[in-house]
Structure formats: C-alpha cells, structure tokens
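S.K.: Turn these sequences into a full structure, and let the hints steer you where they fit.
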Amino acid sequence: QKEVEQDPGPLSVPEGAIVSLNCTYSNSAFQYFMWYRQYSRKGPELLMYTYSSGNKEDGRFTAQVDKSSKYISLFIRDSQPSDSATYLCAMISNFGNEKLTFGTGTRLTIIP
Amino acid sequence: DVKVTQSSRYLVKRTGEKVFLECVQDMDHENMFWYRQDPGLGLRLIYFSYDVKMKEKGDIPEGYSVSREKKERFSLILESASTNQTSMYLCASSRHHYEQYFGPGTRLTVT
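Going line by line, the protein sequences match chains A and B.
The opening position of the first sequence corresponds to residue 1 in this note's numbering, with each subsequent residue numbered one higher.
The opening position of the second sequence corresponds to residue 1 in this note's numbering, with each subsequent residue numbered one higher.
Mixed in with the good hints, there may be bad ones.
Distance windows between CB atoms, simulated [stated by the list, open to error]:
(1) Glu17(B) to Ile18(A): 46 to 54 Å
(2) Ile111(A) to Met88(B): 39 to 47 Å
(3) Tyr71(A) to Asp51(B): 29 to 37 Å
(4) Thr5(B) to Ser40(A): 13 to 21 Å
(5) Met88(B) to Gln80(A): 21 to 29 Å
(6) Ser20(A) to Leu41(B): 20 to 28 Å
(7) Arg95(B) to Glu57(A): 20 to 28 Å
(8) Glu17(B) to Ile111(A): 41 to 49 Å
(9) Arg14(B) to Ala17(A): 42 to 50 Å
(10) Gln80(A) to Thr15(B): 24 to 32 Å
In silico DSS-like cross-links for lysine-lysine, where the CA-CA straight-line distance does not exceed 30 Å [stated by the list, open to error]:
(11) Lys71(B) to Lys99(A)
(12) Lys53(B) to Lys99(A)
(13) Lys70(A) to Lys71(B)
Covered stretches of chain B (in silico footprint by chain A; criterion: 3 or more residues with CB under 8 Å from a CB of chain A, positions within the stretch not fixed) [unchecked claim]:
(14) 64 to 78
(15) 98 to 110
If you are wondering where the hints come from, they were derived from the structure by calculation, not from laboratory data.
Just so it is clear, CB atoms sit at the ideal spot from N, CA and C, and this is done for glycine as well.
M.R.: Encoded structure:
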C-alpha cells in the first residue's frame with residue numbers, strides 16, 4: 001500500500017463548478033500537508049500548505065485536513081479554465097531532514 | 001522570484017552513455033533535490049542535499065549519483081544510462097522542506 005493515495009483522474013468539470021480534490025494517507029506521523037499545481041510541461045509549484053488539522057483558505061482555494069480520517073482535500077470555487085492542471089498532494093512529518101511524500105497527482109480539466 | 005533552472009529541456013542519449021543533468025538556483029537555498037516523474041508513479045526522490053558537499057539518498061538512488069560543489073548548483077549523474085531511466089527529471093530547491101521550488105524539468109530519452 002502506498003503511503004499517499006490520490007485518484008489520478010482525469011477529472012473534467014464545467015467552468016464555474018466547485019472542484020474537490022482528495023488524498024488519503026496511512027502514516028499518522030504526517031503533520032504538514034501541501035498542495036502543488038503542475039501545468040503541462042512545467043515543474044510543480046506550491047499552492048497551499050496546512051499544518052495539522054483544520055481549514056485554510058486562499059482566494060478561491062480551500063485546503064482541508066482531517067487527521068482523524070487521514071484525509072485531505074483541496075476545494076476550488078468558481079473554477080476557471082486556467083485552473084486546468086495536475087494537482088499533487090504532498091506530506092511531511094516535520095521540518096528536519098525529512099523528505100516530502102507526494103501523491104501521484106490528479107489531472108483536472110475545466111471546460112469553458 | 002525564486003528561479004530554478006535546468007540545463008536542458010529535452011535530452012536524447014544512447015544506452016551506456018554518461019549523462020549529466022545540471023540544476024542551478026538563485027535564492028541561496030540550503031536544500032536541493034532531484035526527482036523523477038513517471039506516469040502513474042508520481043514524483044520519486046532520487047537524491048537530496050542539505051548543504052554543499054552533503055548528499056542523502058532518496059527512494060530510488062540506484063543508477064544515479066550527485067554532486068554539489070557549490071551552494072547554488074546540484075548535478076545529477078547517470079553513470080551508464082539505461083532505457084529504464086527514460087523519464088522527466090525535476091530539480092527543486094528550498095529553505096524549508098515543505099516549500100520546494102521546482103525547475104521546468106528535463107525530459108530524458110535513453111535509446
């Protein structure tokens with residue numbers, strides 16, 4: 001079993017819809033949870049990060065962490081064609097010399 | 001703006017060749033990373049470095065080596081390229097492990 005599971009999609013939604021992207025994980029030591037966005041033929045870029053459980057909002061994006069269920073989500077409101085990308089979740093247990101553990105990514109397409 | 005650059009966007013090499021992939025960052029970051037990205041497997045860490053001349057193995061170091069002689073530069077070396085090393089190679093740098101800045105990637109094809 002992989003430490004981090006992420007549905008690869010592809011996921012296609014109409015412009016303006018709310019998008020929900022999710023990851024599950026098995027390592028209860030993970031404390032920091034990140035979402036990266038990767039456009040085609042580009043490297044990933046950090047979108048948001050969250051510490052422990054709870055919600056974090058940044059514009060149209062909301063990250064949610066439920067440590068009791070080992071489940072994290074990224075919501076995109078009022079989705080735009082420019083949101084079309086692959087979204088990768090990533091996790092780390094602490095900020096020492098630990099490495100990030102990435103999900104495989106979900107490919108999202110917003111249809112105009 | 002943090003900038004991470006990689007020496008080539010596309011590279012085609014023959015089996016058995018020695019391959020050098022170079023990565024340079026301009027933000028004075030201590031940490032640098034090399035990943036490969038393959039469909040269905042996601043990002044897998046090959047090596048990382050948290051200081052000049054320091055290196056740590058990642059999840060899949062076999063067949064690769066690295067060099068970090070200067071803080072801003074981190075090189076990935078394929079000693080004898082094989083077809084199963086055909087992949088997208090991504091370099092990243094960070095001050096904190098959670099906030100990694102990635103380069104554009106090098107798509108390597110080994111024939």
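S.K.: Hint by hint, say whether it matches the structure.
M.R.: How the hints compare with the structure:
One distance hint, 46 to 54 Å for the beta-carbon pair Glu17(B) and Ile18(A), holds here, with the actual separation near 49 Å. Range check, Ile111(A) to Met88(B): Cβ separation about 26 Å, and the 39 to 47 Å hint is violated. Range check, Tyr71(A) to Asp51(B): Cβ separation about 36 Å, and the 29 to 37 Å hint holds. In this structure the supplied range 13 to 21 Å holds for Thr5(B) paired with Ser40(A), their Cβ-Cβ distance being about 19 Å.
Remark: the range hint 21 to 29 Å for Met88(B) to Gln80(A) is upheld by a beta-carbon distance near 26 Å. A beta carbon spacing of about 24 Å between Ser20(A) and Leu41(B) agrees with the range 20 to 28 Å that was offered as a hint. With their beta carbons about 24 Å apart, Arg95(B) and Glu57(A) fall inside the hinted range of 20 to 28 Å. For Glu17(B) and Ile111(A), the hinted distance range of 41 to 49 Å is satisfied, since their beta carbons lie about 43 Å from each other.
As the Cβ distance of Arg14(B) to Ala17(A) is approximately 48 Å, the hint placing it in 42 to 50 Å holds. Separation of Gln80(A) from Thr15(B) is about 44 Å and departs from the stated range, judged on CB atoms against 24 to 32 Å. Of the pairs offered as hints, the one joining Lys71(B) and Lys99(A) holds, with about 19 Å between alpha carbons and a cut-off of 30 Å not exceeded. Pair hint Lys53(B) plus Lys99(A) holds up; C-alpha atoms about 18 Å apart against a cutoff of 30 Å.
Of the pairs offered as hints, the one joining Lys70(A) and Lys71(B) is violated, with about 37 Å between alpha carbons and a cut-off of 30 Å exceeded. Only when three residues or more bring their CB closer than 8 Å to a CB of chain A does the claim for the stretch 64 to 78 of chain B stand; here the count is 0, and the claim is violated. With 8 residues having a Cβ less than 8 Å from any Cβ of chain A, the stretch 98 to 110 of chain B passes the three-residue criterion, so the hint holds.
When each numbered hint is compared with the structure, violations occur for hints 2, 10, 13, 14.
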